[in-house]
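Engineer: For the sequence shown, position 99 matches number 100 in my numbering, and the numbering has no gaps at all.
Keep in mind that the hints were calculated from the coordinates and are not lab data.
Be careful, since some hints might not be right.
[As the list claims (entries may be wrong)] Here are the simulated lysine-lysine pairs, DSS-like style, with alpha carbons at most 30 angstroms apart:
1. LYS31 - LYS154
2. LYS31 - LYS82
3. LYS228 - LYS254
4. LYS241 - LYS305
5. LYS241 - LYS103
6. LYS203 - LYS254
7. LYS195 - LYS217
8. LYS154 - LYS82
9. LYS205 - LYS183
10. LYS254 - LYS103
11. LYS203 - LYS228
12. LYS228 - LYS241
13. LYS205 - LYS132
14. LYS305 - LYS203
15. LYS183 - LYS132
16. LYS205 - LYS305
17. LYS183 - LYS217
18. LYS103 - LYS82
19. LYS82 - LYS205
20. LYS228 - LYS205
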Amino acid sequence: MQAFKPLKQALSHNFGMPDFTLSRFQITIKLLQSGILPHYKGSCLRGALGHALRDITCSSGRHSCGGCSEIARCLFTTLFKPDQIPGKSIPAPYLIDPPAMKETFVTAGTEFSFTLTLFGSAAEQSSVWFKAAQVAGSKFGLGEERILFEVVKVSGATQDGELLIPLNGSEEIPKITFEDVKKHCASTDPCTVKVCLLTPLKFKDRNEVSSTMSGKLFLDTLVRRLKTLSFFYQPGDPFKELSIDTSQVSLQKQQLRWVVLERKSMSNPTAINLGGYVGSFELTNITSDIFSLLLLGTYTHLGKNTVYGCGKYSVS
């Protein structure tokens with residue numbers, strides 16, 4: 002299968018052009034076996050999908066991408082692990098929102114949903130992801146016990162509600178645009194916004210993992226996330242010139258705590274810490290432009306480990 006090409010055009014667009022798009026799919030699965038799953042399901046969902054994507058897209062038969070002559074052209078690397086392409090620093094074109102369920106013992110017949118978000122041009126390969134979900138359930142399973150499952154349905158999220166999408170992806174892909182987001186908050190002009198960190202948020206400040214939180218650091222991290230996704234995956238790079246003035250923004254009523262969240266994988270026996278901040282804080286002196294970007298960020302997440310669902314937040 003031929004790889005899609007991350008878009009890298011650098012056309013000049015004004016801030017606010019409705020070119021930034023994303024597609025969100027809710028995938029509902031039913032477990033076919035009972036067993037143990039981790040407390041946080043983001044890692045095992047991504048792992049199962051990754052094994053399935055490699056199975057259906059890789060023609061080399063290798064267990065590792067390292068040293069493969071096709072790595073820059075392979076659909077698996079461009080879809081799932083673009084950071085492995087030598088000489089590149091490309092963000093993943095997707096993220097997985099795991100279910101909020103915290104139970105670790107699950108029984109056969111249990112159903113739950115997770116959300117797959119694809120950015121810009123990556124949505125063109127949504128049918129490959131749907132196929133990977135089916136293969137993951139029938140062949141690879143979830144967690145260390147490889148609990149098998151079946152895909153019950155795939156729904157595409159729009160601003161107007163939920164739209165059922167066939168598994169073959171033959172119908173038009175629903176998209177959410179930045180213009181949609183701005184229209185949604187056009188009647189809202191908040192000065193103060195409450196931000197709730199729903200999954201662990203970790204980010205760097207001056208190349209070091211930050212041990213403090215500030216309004217400027219949070220917003221700068223968000224802008225950097227949006228600009229990077231825009232450069233690689235959005236036609237015309239709509240956020241090329243994006244910048245915001247955070248000099249008047251203040252962070253108040255901070256109620257944050259650091260949580261440890263360990264991830265294990267079949268390929269790496271050493272546990273990796275996905276932990277970070279959870280909790281809430283308020284941002285004051287927020288302009289309408291900043292509020293629009295904050296709302297867009299609830300779809301893109303920010304910080305490290307977004308592919309596992311980390312860095313998710315809500316605003317009110």
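Engineer: Each hint needs a verdict: does it hold in this structure or not?
Structural biologist: Tested hints:
At most 30 angstroms may separate the alpha-carbon atoms for a hinted pair to count; LYS31 and LYS154 meet this at roughly 10 angstroms. The suggested pairing of LYS31 with LYS82 holds, with an alpha-carbon distance near 27 angstroms, which does not exceed 30 angstroms. Restraint check: the Cα-Cα separation between LYS228 and LYS254 comes to about 29 angstroms, which is no more than 30 angstroms; the hinted pair holds. Distance check on the hinted pair: LYS241 and LYS305 sit about 21 angstroms apart at the alpha-carbon level, within 30 angstroms; holds.
For the hint pairing LYS241 with LYS103, the CA-to-CA distance comes to about 39 angstroms; that exceeds 30 angstroms, so the pair is violated. For the hint pairing LYS203 with LYS254, the CA-to-CA distance comes to about 19 angstroms; that is within 30 angstroms, so the pair holds. Between LYS195 and LYS217 the CA atoms are separated by roughly 15 angstroms; this keeps the pair inside 30 angstroms, and the hint holds. At most 30 angstroms may separate the alpha-carbon atoms for a hinted pair to count; LYS154 and LYS82 meet this at roughly 26 angstroms.
Taken as a hint, the LYS205 and LYS183 pair is honoured in the structure, with Cα atoms around 28 angstroms apart against an allowance of 30 angstroms. At roughly 28 angstroms between alpha-carbon atoms, LYS254 and LYS103 fall within 30 angstroms of each other, so this suggested pair holds. For the proposed pair LYS203 and LYS228, the alpha carbon gap of about 18 angstroms is at most 30 angstroms, so the pair holds. Distance restraint check for LYS228 and LYS241: the Cα-Cα separation of roughly 6 angstroms lies within the 30 angstroms cut-off, and the hinted pair is therefore satisfied.
Between LYS205 and LYS132 the alpha-carbon distance is near 35 angstroms, which puts this suggested pair outside the 30 angstroms criterion. Note on LYS305 and LYS203: the hinted pairing holds, with a Cα-Cα distance of about 6 angstroms set against a maximum of 30 angstroms. Proximity of LYS183 to LYS132 is assessed by CA-CA distance (about 33 angstroms); at most 30 angstroms being required, the pair is judged violated. At most 30 angstroms may separate the alpha-carbon atoms for a hinted pair to count; LYS205 and LYS305 meet this at roughly 8 angstroms.
Taking the CA atoms of LYS183 and LYS217, the gap is about 22 angstroms. The hint holds against a cut of 30 angstroms. Straight-line distance between C-alpha atoms of LYS103 and LYS82 comes to about 27 angstroms, which keeps the hinted pair within the 30 angstroms bound. Restraint check for LYS82 and LYS205: satisfied, since their Cα atoms lie roughly 21 angstroms apart, inside the 30 angstroms limit. Restraint check for LYS228 and LYS205: the C-alpha separation of about 16 angstroms stays at or below 30 angstroms, so the hint holds.
Hints 5, 13 and 15 from the earlier list are contradicted by this structure; the remaining hints agree with it.
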